[in-house]
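Visitor: Each chain, written out:
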Amino acid sequence: MTVHVVLREEELAVGEARLVAVGERELVVYRLQDGFYALNNYCPHQGAPMLAGRVGGTNAPSDVYCYRYDRDGEIVRCPWHGWEFDIKSGRSLFSERVRVRSYPVVVEDGKVGIRI
Amino acid sequence: MAANAAYPIIDADIHNEQEDRALLPYLPEPWRSRVAGSGIGYAMSGYWSPVGVMRKDALPPNGARAGSVPELIVEQLIEPFQVEAAVLTGVVYNISTTHDPDYAAAICSAYNDYVAHEWLGKHPSFKAAIAVSTLDPELAAREIDRLAGHPGFVEVIISSAARFPLGQRYYHPIYAACERAGLPLAVHPGAEGGGLSTAPTAAGYPSRYLEWHTNLSQMFMAHLVSFVCEGVFVKFPGLKLVLVEGGVAWLAPLLWRLDKNYKALRSTVPWLTRLPSEYVRDHCYLTTQPIEEPDNPQHLADLFNMMDAENMLLYSSDYPHWDFDAPDKILRKLKPEARRKVFYDNARQLYRLG
Numbered sequence: 001m002t003v004h005v006v007l008r009e010e011e012l013a014v015g016e017a018r019l020v021a022v023g024e025r026e027l028v029v030y031r032l033q034d035g036f037y038a039l040n041n042y043c044p045h046q047g048a049p050m051l052a053g054r055v056g057g058t059n060a061p062s063d064v065y066c067y068r069y070d071r072d073g074e075i076v077r078c079p080w081h082g083w084e085f086d087i088k089s090g091r092s093l094f095s096e097r098v099r100v101r102s103y104p105v106v107v108e109d110g111k112v113g114i115r116i
Numbered sequence: 001m002a003a004n005a006a007y008p009i010i011d012a013d014i015h016n017e018q019e020d021r022a023l024l025p026y027l028p029e030p031w032r033s034r035v036a037g038s039g040i041g042y043a044m045s046g047y048w049s050p051v052g053v054m055r056k057d058a059l060p061p062n063g064a065r066a067g068s069v070p071e072l073i074v075e076q077l078i079e080p081f082q083v084e085a086a087v088l089t090g091v092v093y094n095i096s097t098t099h100d101p102d103y104a105a106a107i108c109s110a111y112n113d114y115v116a117h118e119w120l121g122k123h124p125s126f127k128a129a130i131a132v133s134t135l136d137p138e139l140a141a142r143e144i145d146r147l148a149g150h151p152g153f154v155e156v157i158i159s160s161a162a163r164f165p166l167g168q169r170y171y172h173p174i175y176a177a178c179e180r181a182g183l184p185l186a187v188h189p190g191a192e193g194g195g196l197s198t199a200p201t202a203a204g205y206p207s208r209y210l211e212w213h214t215n216l217s218q219m220f221m222a223h224l225v226s227f228v229c230e231g232v233f234v235k236f237p238g239l240k241l242v243l244v245e246g247g248v249a250w251l252a253p254l255l256w257r258l259d260k261n262y263k264a265l266r267s268t269v270p271w272l273t274r275l276p277s278e279y280v281r282d283h284c285y286l287t288t289q290p291i292e293e294p295d296n297p298q299h300l301a302d303l304f305n306m307m308d309a310e311n312m313l314l315y316s317s318d319y320p321h322w323d324f325d326a327p328d329k330i331l332r333k334l335k336p337e338a339r340r341k342v343f344y345d346n347a348r349q350l351y352r353l354g
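Chains as they are written, first to last, in the UniProt record's numbering: chain A, 1 to 116; chain B, 1 to 354.
Just so you know, not all the hints are guaranteed correct.
Some chain B residues close to chain A (C-beta under 7 Å, calculated; not the full set) [stated by the list, open to error]:
#1 Arg55
#2 Lys56
#3 Asp57
#4 Lys329
Just a few of them, taken from the derived set where beta-carbon distance is under 8 Å, the chain B residues facing chain A [as the list claims (entries may be wrong)]:
#5 Val51
#6 Trp322
#7 Asp323
Because the hints were derived from the structure by calculation, they are not lab data. Think of the CB as a built atom: it goes at the ideal place given N, C-alpha and C, for glycine as much as any other residue.
Isolated chain A (complex conformation) (with noise of 0.2 Å):
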């Protein structure tokens, strides 16, 4: 596992993404509230480029005729079929087996790595 320094943490303010490359990799920074996030650029579906998703929030389960929105911020839609997943884990909202390849982030004297 090595460390991989991307960007500074100045670079990216809260709500902004930015493709990044680590070797043969295309990555997407996420600068969420809480923190520094990386995923595939990759929609595990057909190919789709995951840095021209939208970012935002999402309706979260909850009983008939009821909306509660929720995650605002932290879900990106998949920018052709528009599939819903969790930035913070890569997971897609409709299937525990369905996700984006995640990589965990490091923050240390305002570097951002991803660790691969």
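Chain A is already provided as a structure; the job is to place chain B on it using the hints.
Guide: Below, chain B alone, put in the same frame as chain A:
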């Protein structure tokens, strides 16, 4: 990224778009002033999707509509996937859910001229569908006759959102003209439930886009049964029908049911001298997108074995729409020879390309 190194691809459904004002030079008065003043004014379904209609990465940086920049289509689709021919289907067939037959026919004519002048020469892969409105089938037939023989137009396209089932005799002038011109007829969804079309499902108006989109296959089932039972393929033996974007997995069970009923009720359709499914096999094609995706991909392959899928399917991407299917990511269970037919040979023969 190339999907099939051994052979190129033909894409049967790409949605080129344009700003409404792009049609103005091709529109006569009084329609030009109408569009200049208030836009084309489609009557769409009204159903809302949180995903939107367009692929987010297909929006041109200059703020133009997705699908309106030929160079971007070439960059995102034609070149990476080695698309040898792309059938530009537009979106103008949706005009059939508006109300004035003369206006709808004028919009279609203007669009067809616009495509002929401003798209067909832009890339060697570009072919196009002649858009016609179903609001006046005689005017539609005249439009098909006008453009017949133009080498860039490879089919005629109409909306599946209609006032009544598409096999009925009211529409037959369109099918006669397609047969005269030697052009397949494509039927495409999109405006179901809008304007003067029927409710978008057999049960009426559902509450959400999720339900609306899922049930579009119902519309195609009803139209297909109508085409067969009304004797369209008997009356127009040269007509080929392309069912675009209506799903494919429903076909086999629908035909089982239709064939079974035919055995008892044949006398109500005495012009059908063969099983209904045989007319479908001889005259109909279905485009693949949005392909059904069961958790176990083998299940779809099994369904394909229950119909003549490898000879009836045409690959389509639906670029730049949200439910785009990448050619290298779907139908991986098909055997190589069947893949080649679906992604290339069937369309090449149907559209007489190459």
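Visitor: Checking hints one by one. Is B/Trp322 an interface residue toward chain A, by the C-beta closer than 8 Å rule?
Guide: 6 Å, holds
Visitor: Taking 7 Å as the limit, does the beta-carbon of B/Arg55 come near enough to a beta-carbon in chain A?
Guide: 5 Å, holds
Visitor: Less than 7 Å between beta-carbons is the criterion; does B/Lys56 satisfy it with respect to chain A?
Guide: 4 Å, holds
Visitor: Hint B/Asp323 vs chain A: min CB-CB distance below 8 Å?
Guide: Result: holds, 6 Å to nearest chain A Cβ.
Visitor: B/Lys329 was flagged as interface toward chain A. Is the shortest Cβ-Cβ separation under 7 Å?
Guide: It holds, given that the least Cβ distance between B/Lys329 and chain A is near 4 Å, below 7 Å.
Visitor: So, B/Val51 near chain A? Judge it on the closest CB pair being under 8 Å.
Guide: 3 Å, holds
Visitor: Would the stated hint for B/Asp57 survive a check requiring a Cβ distance to chain A of less than 7 Å?
Guide: OK, holds: B/Asp57 within 7 Å of chain A, min 4 Å.
In this structure, every one of the numbered hints holds.
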